[in-house]
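Undergrad: Residue-level listing of the chains:
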Amino acid sequence: AQTVTQSQPEMSVQEAETVTLSCTYDTSESDYYLFWYKQPPSRQMILVIRQEAYKQQNATENRFSVNFQKAAKSFSLKISDSQLGDAAMYFCAYRSAYTGGAQKLVFGQGTRLTINP
Amino acid sequence: NAGVTQTPKFQVLKTGQSMTLQCAQDMNHEYMSWYRQDPGMGLRLIHYSVGAGITDQGEVPNGYNVSRSTTEDFPLRLLSAAPSQTSVYFCASSSPAHSTDTQYFGPGTRLTVL
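Chains G and Y, in that order, are what the protein sequence lines are. Using our numbering, read the first sequence as starting at 1 and increasing by one per residue. Using our numbering, read the second sequence as starting at 1001 and increasing by one per residue.
Incorrect hints may have been included.
[To be verified] A few chain Y residues that don't get close to chain G, going by computed Cβ distances all over 10 Å:
id, residue
1, T1007
2, V1012
3, L1013
4, S1018
5, S1033
6, M1041
7, L1043
8, L1045
9, Y1064
10, L1079
11, S1080
12, V1088
13, S1094
14, T1102
15, V1113
[As the list claims (entries may be wrong)] DSBU-like mimics (lysine-lysine), calculated; alpha carbons at most 35 Å apart, straight line:
id, chain 1, residue 1, chain 2, residue 2
16, G, K55, G, K104
17, G, K104, Y, K1009
18, G, K70, G, K55
19, G, K104, Y, K1014
20, G, K78, Y, K1009
21, G, K73, G, K55
[Said to hold, decoys possible] Just some of the chain Y residues that point at chain G, by a computed CB distance under 8 Å:
id, residue
22, Y1048
23, Q1103
24, P1107
Calculated directly from the structure, the hints in this document are not laboratory data. Using N, Cα and C, we set each Cβ at its ideal position, and we do this for glycine too.
Could you build all of it, start to finish, from the sequences and the hints given here?
TA: So this is what it looks like as structure tokens:
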């Protein structure tokens, strides 16, 4: 079974600075998808960024980018120019490409990110 | 387009009571899932469905039943609630026809079992 580990329960960063959240995963599969979700106090799960394992290029979405290291099974999220609205719980998630799109996501434990003004 | 809706937002039950958490989506998505979120843990998959009439178990299915009679609705039933089922429950939907294959989550239901 696949597992996802986020070793940083909490992180904090000054507004406008850059922060990196760590995620490692364990799988024997070669084709899969990785995600970062943001959960603000409203509890809503918001997709931040998505990475396909077969793509070597790291995904980027505006101020959010990932460092995907397939051999090391590492998938970190970098947030540049941190804003107060970035404060939230961030979850790393894995989905096998072999489940036929049944959307069985495996989540990490989450990292609570605080932005200091 | 309401997306994924869940009712109720909050619920308190006594041990042994039954209830149904409702989930509906108006995006014509084939896939729907139920997750639970406990403190210090990420979301864990309870049950999922790949289409009307088809359901399967996820990682933590015990104590929960599901059915999928329509594409739009995917209710989660607790037949005899236990304190261990105190959690936040999320419903999600997606479609393999969409290029991004992204899951869309509902706002969640916070359930407390006394």
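Undergrad: It remains to establish, for every hint, whether it holds in the given structure.
TA: Do the hints match the structure? See the list:
no.: 1; hint: T1007; result: holds (15 Å)
no.: 2; hint: V1012; result: holds (17 Å)
no.: 3; hint: L1013; result: holds (19 Å)
no.: 4; hint: S1018; result: holds (24 Å)
no.: 5; hint: S1033; result: violated (5 Å)
no.: 6; hint: M1041; result: violated (6 Å)
no.: 7; hint: L1043; result: violated (5 Å)
no.: 8; hint: L1045; result: violated (6 Å)
no.: 9; hint: Y1064; result: holds (16 Å)
no.: 10; hint: L1079; result: holds (24 Å)
no.: 11; hint: S1080; result: holds (26 Å)
no.: 12; hint: V1088; result: violated (7 Å)
no.: 13; hint: S1094; result: violated (5 Å)
no.: 14; hint: T1102; result: violated (6 Å)
no.: 15; hint: V1113; result: holds (19 Å)
no.: 16; hint: G:K55 to G:K104; result: holds (21 Å)
no.: 17; hint: G:K104 to Y:K1009; result: holds (24 Å)
no.: 18; hint: G:K70 to G:K55; result: holds (10 Å)
no.: 19; hint: G:K104 to Y:K1014; result: holds (30 Å)
no.: 20; hint: G:K78 to Y:K1009; result: holds (32 Å)
no.: 21; hint: G:K73 to G:K55; result: holds (14 Å)
no.: 22; hint: Y1048; result: holds (6 Å)
no.: 23; hint: Q1103; result: holds (5 Å)
no.: 24; hint: P1107; result: holds (6 Å)
The earlier numbered hints that this structure contradicts are 5, 6, 7, 8, 12, 13, 14.
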